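Undergrad: Whenever a hint applies, use it, and build me the whole structure from the sequences.
Chains as they are written, first to last, in the numbering used here: chain A, -10 to 398; chain B, -10 to 398; chain C, -10 to 398; chain D, -10 to 398.
Source of the hints: derived by calculation from the structure; they are not laboratory data.
Treat the numbers as computed from the prediction; the structure is a model and nothing was measured.
Just to be clear, a hint being listed does not mean it is correct.
Identical copies carry no separate label here, and so any pair may be met within one copy or between two of them.
Straight-line distance between alpha carbons at most 27 Å, and here's what the computed BS3-like set of lysine-lysine pairs gives [stated by the list, open to error]:
(1) Lys372 / Lys312
(2) Lys230 / Lys384
(3) Lys306 / Lys(-5)
(4) Lys(-5) / Lys317
(5) Lys286 / Lys253
(6) Lys233 / Lys297
(7) Lys323 / Lys306
(8) Lys395 / Lys317
(9) Lys193 / Lys372
(10) Lys308 / Lys372
(11) Lys(-5) / Lys372
(12) Lys310 / Lys193
(13) Lys59 / Lys193
(14) Lys310 / Lys59
(15) Lys318 / Lys59
(16) Lys187 / Lys67
(17) Lys193 / Lys140
(18) Lys230 / Lys310
(19) Lys308 / Lys140
(20) Lys59 / Lys175
(21) Lys306 / Lys216
(22) Lys59 / Lys323
(23) Lys(-3) / Lys193
4 protein chains.
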Amino acid sequence: MNQHQKLKIVNDPIYGFITIPNGLIYELIEHSYFQRLRRISQMGMSYLVYPGAHHTRFHHALGAMHLMQKAVQVLRLKGVVISEQEEEGLCVAILLHDIGHGPFSHAMEHSIVNNLSHERISLLFMERLNSLFNNRLTFAIEIFKNEYPRKFLNQLISSQLDVDRLDYLRRDSFYTGVPEGAVNSKRLITMLNVVDDKLVVEEKAIYSVEKFIVARRLMYWQVYLHKTSLVAEQLLVRVLKRAKELTNKGIELPASDALLFFLKNPVSVDSFTDEMLVTFSELDDYDIISALKSWSKDEDYVLQNLSKMILNRDLLKIKLKGKPFSQKKIDQEKNEFISRHKLSDHDASYFVFTGTVSNQAYNMEQETINLLTNRGKVIDVAKASDQLNLEALSKKVVKYYLCYPKSNY
Amino acid sequence: MNQHQKLKIVNDPIYGFITIPNGLIYELIEHSYFQRLRRISQMGMSYLVYPGAHHTRFHHALGAMHLMQKAVQVLRLKGVVISEQEEEGLCVAILLHDIGHGPFSHAMEHSIVNNLSHERISLLFMERLNSLFNNRLTFAIEIFKNEYPRKFLNQLISSQLDVDRLDYLRRDSFYTGVPEGAVNSKRLITMLNVVDDKLVVEEKAIYSVEKFIVARRLMYWQVYLHKTSLVAEQLLVRVLKRAKELTNKGIELPASDALLFFLKNPVSVDSFTDEMLVTFSELDDYDIISALKSWSKDEDYVLQNLSKMILNRDLLKIKLKGKPFSQKKIDQEKNEFISRHKLSDHDASYFVFTGTVSNQAYNMEQETINLLTNRGKVIDVAKASDQLNLEALSKKVVKYYLCYPKSNY
Amino acid sequence: MNQHQKLKIVNDPIYGFITIPNGLIYELIEHSYFQRLRRISQMGMSYLVYPGAHHTRFHHALGAMHLMQKAVQVLRLKGVVISEQEEEGLCVAILLHDIGHGPFSHAMEHSIVNNLSHERISLLFMERLNSLFNNRLTFAIEIFKNEYPRKFLNQLISSQLDVDRLDYLRRDSFYTGVPEGAVNSKRLITMLNVVDDKLVVEEKAIYSVEKFIVARRLMYWQVYLHKTSLVAEQLLVRVLKRAKELTNKGIELPASDALLFFLKNPVSVDSFTDEMLVTFSELDDYDIISALKSWSKDEDYVLQNLSKMILNRDLLKIKLKGKPFSQKKIDQEKNEFISRHKLSDHDASYFVFTGTVSNQAYNMEQETINLLTNRGKVIDVAKASDQLNLEALSKKVVKYYLCYPKSNY
Amino acid sequence: MNQHQKLKIVNDPIYGFITIPNGLIYELIEHSYFQRLRRISQMGMSYLVYPGAHHTRFHHALGAMHLMQKAVQVLRLKGVVISEQEEEGLCVAILLHDIGHGPFSHAMEHSIVNNLSHERISLLFMERLNSLFNNRLTFAIEIFKNEYPRKFLNQLISSQLDVDRLDYLRRDSFYTGVPEGAVNSKRLITMLNVVDDKLVVEEKAIYSVEKFIVARRLMYWQVYLHKTSLVAEQLLVRVLKRAKELTNKGIELPASDALLFFLKNPVSVDSFTDEMLVTFSELDDYDIISALKSWSKDEDYVLQNLSKMILNRDLLKIKLKGKPFSQKKIDQEKNEFISRHKLSDHDASYFVFTGTVSNQAYNMEQETINLLTNRGKVIDVAKASDQLNLEALSKKVVKYYLCYPKSNY
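TA: Next up, the structure:
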């Protein structure tokens, strides 16, 4: 008697409930590789600015899967045929699209595992899970790699208006408490359609699409690239580089086995073995923060001080502007610091450094966001917008930052 | 013993509670002129598209007053001196800024009371209330008319970033269920400051200001100028014009006394007597809808059919585009209708007509929105924005519409 | 090519979007009988206390239909078979369940159409629509009358945990800005199931059910029976009674034809003709408020003053307590008023009167709310609750009110 | 020129913005003792059920301080005199009230630091900070210890309706996505008053108070004592006990220095030195999770398996009921497990165990929640409620749980 059947549901402050669609997906979620995502913060160091931003990759992956189910439901109501298998493939692919993220989401990629993107590692995880799950992920992997014949399926996972973005912009806006960045995921999904194997948005959603692009831009500059998060992120990258430097000199630093492995061994796409993947699967935010806590008592001045800065949120100062900083300005800050602390130039450069950040709100060179007009034509949103200058928004904005210690440090 | 003192508060789904600051304001709210605003819908005919949009001018006026109190509080915390009297003036002025609105907010202005703006009538009401309240509104009137020496006070009431807009965009977005139009009023108000008697916004709110401008634009095109609202609004204007036309021919139409008065008598700024103001104060949405209900059985074809269209939401078709409609197209639609119903050209033009709507997201020629940079300089937000092309948004967008009956009508 | 197919959707601030499931329902919504509900306020006079409470029966009916669609979806996922025809019947029945409401939802029932419940009139409308729509409403009517074999379908429409309540509690809480009354409709619906043709709730939702009962109780006492709404509602009932009294004496009052009809003619279940139904379909809030506006200038003291009280929110005082008021207290208030204004006892009793209000948070004698335990047993929620004394909540609470004029009136 | 003054604000998804009131509080927040709270999860293991529940003690402390500022503002508007110094004392006391929490909020108290409540440790931190901050916390400490003459100040911090509860119920409900538990903090605070040095709530808030009590009860049983959180919490307590047991046997386990210290050394109120406090200040969630990750590879069967269960959310089964479990049932489960894994009875008891949880929604024996009636009398809310049986809610509910391994474990 199947009337007592229950739905597997997860509470979500944003969507109310997320339903786990089937047994395969339930088992994937239960797997330790996926459970690890509970220990990977979605927004890296942003919680130092937005104390609510402690949500995880685990939650985002579930949220994106929820939106995927909605998208499939809407498309089917509009007459787009999507098979059960294709739906499962979509759900699995989006669920696992970020499984390759390392601690604090991006810091690892820029310090230790620096030759390997998280997308690449996600794929390695998917392939490994595929063999553990009797090839039931083959469809998902094809869609993920965009090797599946129906191209709009991949667009749902990875394009300028995919469910990944629809979830993370909404979720990050929610947890940070920056409502300006909220995206009306529901409306946008309700307006999706497919024409000639291309994902399109109905014309009347044009203002929502514009709003989506502007909201995304706002989230980048106000939140993701917030000065304080930026300096904290850079400090994290640098403390890991320092640890690697010391390790390479033969110094035995306190750290978890998994972290030590990656401090000691260079990795690359070609040499990334299954064993390395298992070690990688043991790495998460807790390894990093625990290491910082130990290192904050280390005798190495650089390691100790960078660690303490992050832990106690006693960060470097940062300036952000539209043009590069003069070498003179940089040298001045560095020399002051050197003279205060008798450091080598190399060591001081951990505390005084410059760099760039950039963002492109809309990319006209990539596959564009397409509108379906009331007359049935498909056009690029940038050409349909009567006023909001999407060409301007398509320009890449670059900003230059300079980090340096407070004068009393 | 004043510990048992209670606050006068009003529940508001948006802000939680609105506090009535003092006795004068409480009495103004209790006055029948202000209570009338409970019967004036804030968004005219928009409820035909957005069924939740039944909120009133009464509620908006209270909401704007609430934001004014918050703005005063923020500015004082930042060291801007605002006297008790100035605060009361601000609250009274914003409370009464829309008291001159006629039924359905704008339809009257474009049909019957067509030489008189609602702002002008608001002022007449304020002056009348001033004499009823022993000149306690003098300050408010000075601020409202921008005759008060401190100019930033007027900017809080009427500028491109005033509390009026901050409330209505938020409120209209809330009641329509169009979250893309929501404005973070709280953040924007928290970022206000005053420099050299000018209202400014702190630089770090630049993305919020941009978002505010884009949200406003979205609300105009997606909501206020939504095709269906637009056609309903135009039908309402036309049914009132027709009623005026018939009345002027000596036909006695069923309508309330107040409505009949304005159907019969032309009004103008100079001839607007106190008696007319009292009659005007008796007019509200209920006079109009009740008249439509009677007129929907009238023997005049035009009056009857326009009335029924609005009541039963069985509207004209509408096309909207960037260029004017050709006379040929207009004539074709009109002639078809004429031949179906044996109407005169004049009468048919109540059912087939064209016109324009326009909106300017940001007006660079008006007093601009000013940013206060971190270095203490004051600059126009349009010049500070690094990418969002505010000059483009400053261009006036004009659209042309053509309304005509369904083919089976 | 069906890929361009569009969904008919309506914006809703609560659920985001409401989808119109099919053509029949779309046509029913377009019918003038249903469009009339746009002019029937959901919460009667409550907007005098909660200025946001201007939502309509139209919106509630759509909202309840939306929840019905969700409920059907959840039950199907749990293996409960519901045919397309049954689903349509459910949607039509819930859409039309309130179509028989008169102006201000309840005032008519207690003054003019006082022998006829709105449920009865809803049924008359459904039957009339059934003949207009070629008997396509037969299923819906059977379910509505609980004559359909599968009884749980009727429970979805009318029981202590039906989608009607799930929508109106949520909606009323939303528009009044009383978040304590919000009900987690989504969670409750997700927990529904059917056992032996009975609607049940999964055991783990027990706290949500309790919360639902407590929230409902709160909404009654804090909102629906708020002192100020109560007195306004009573004034409205009395002004209509007075109008009827005067009309019966042969006095011709200004009012719409439809209102005049019901002022003049007594109605009863047996004598309610199709013609009367059509006249009833022309009555809405606008007839009442417009009449009040005319009557506020009437020479009859009672009619005039009651009308003005409502329009200007200058109401009677009201006391509310757990025991009846002594006759002495009532006489005292009445006599004072009589001596101030030289009124007859009969006329004065329009201004000084007493009555009762009552509410039962949970009714143990009706069909109960049933829980499905983890072991598959079905039990009454009142017996499952370990602590919240539902027996106490099942006690009918009666309160006595006394209304009388302010001392300076 | 102080017009360029800026407010120190923190984004909060719940209240919008939290303002840091002054320099002292800013410095306290910057102190590493307080920054540590960023690494203490507010809801312990609850994120295993509610993936959004990753908010921290840091955020809760700021939120409670925000509500305190609102409460002071409301009371002052009602004529209650509160000095600047008293306000600062209130803000500091509430900010630091939870600073003594150990990792995962409660697990430590029940395993390692088991003779010392977190309130006691909070006080030790406050005293230490007081000496570091030149006795500027003296007022706060007096209020916190309830030694300050004006007793209502302590009630704001610690009573059955304090700002602590008003924040955490709201916040936990928000982050878990359990809206039924949301408390209308704003309304309750707006209704506060002080009579005879006692905190009271205005009578008309009675339904909100009832709702608050019911919401709190719901949060306990549905969220805080959710079966899955409960078993995870118990596993955490047991893994720490096991670690202590092994350590006491002389086995050197991998763990941070701070954690090792508390595994090795028994602590008590009398022997808690300043040095221990500093070590305690180095302990947070990261020490625990990192230890679990190491221990999940330990050779000790118990330590290894309990650790893996938590990390991979592969928990014990749990049954919860109103009566104790029979010894027979417990033995049966334990013996099965022993026979499957050849464990000692002692070791098996880490996997098969029983216990109780209890909650009292309202405590009539403690200082009650007082209502201020319209006539100015002060009465216990339990006596004022006409129907909701608060005596029933005042009964302590005890539930018994039995945890045991899955049959295939």
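Undergrad: For each hint, tell me whether it holds in the structure or not.
TA: Going down the list of hints, with the structure as the test:
1. Lys372 / Lys312: For Lys372 and Lys312, the Cα distance is within 27 Å only across copies (16 Å; inside one copy 30 Å).
2. Lys230 / Lys384: neither (32 Å within a copy, 50 Å between copies)
3. Lys306 / Lys(-5): This pair counts as between: shortest inter-copy Cα distance 18 Å, intra-copy 54 Å.
4. Lys(-5) / Lys317: Neither. Shortest intra-copy (67 Å) and inter-copy (31 Å) distances fail the 27 Å Cα cut-off.
5. Lys286 / Lys253: both (21 Å within a copy, 21 Å between copies)
6. Lys233 / Lys297: within (18 Å within a copy, 29 Å between copies)
7. Lys323 / Lys306: Only inside one copy: Lys323 and Lys306 sit 13 Å apart there, 59 Å across copies, limit 27 Å.
8. Lys395 / Lys317: within (18 Å within a copy, 67 Å between copies)
9. Lys193 / Lys372: This pair counts as within: shortest intra-copy Cα distance 14 Å, inter-copy 31 Å.
10. Lys308 / Lys372: between (36 Å within a copy, 20 Å between copies)
11. Lys(-5) / Lys372: between (48 Å within a copy, 23 Å between copies)
12. Lys310 / Lys193: Only across copies: Lys310 and Lys193 sit 13 Å apart there, 37 Å inside one copy, limit 27 Å.
13. Lys59 / Lys193: both (19 Å within a copy, 26 Å between copies)
14. Lys310 / Lys59: For Lys310 and Lys59, the Cα distance exceeds 27 Å both inside one copy (41 Å) and across copies (32 Å).
15. Lys318 / Lys59: For Lys318 and Lys59, neither the intra-copy (53 Å) nor the inter-copy (42 Å) Cα distance is at most 27 Å.
16. Lys187 / Lys67: within (14 Å within a copy, 34 Å between copies)
17. Lys193 / Lys140: Classified as within; 24 Å inside a copy, 41 Å across copies.
18. Lys230 / Lys310: This pair counts as within: shortest intra-copy Cα distance 26 Å, inter-copy 54 Å.
19. Lys308 / Lys140: The answer is neither: 43 Å in one copy and 34 Å across copies each exceed 27 Å.
20. Lys59 / Lys175: both (8 Å within a copy, 16 Å between copies)
21. Lys306 / Lys216: Intra 9 Å, inter 47 Å, cutoff 27 Å: intra-copy only.
22. Lys59 / Lys323: Neither: 53 Å inside a chain and 44 Å across chains, both beyond 27 Å.
23. Lys(-3) / Lys193: between (35 Å within a copy, 13 Å between copies)
The structure does not agree with the numbered hints 2, 4, 14, 15, 19, 22 stated previously, though it agrees with the rest.
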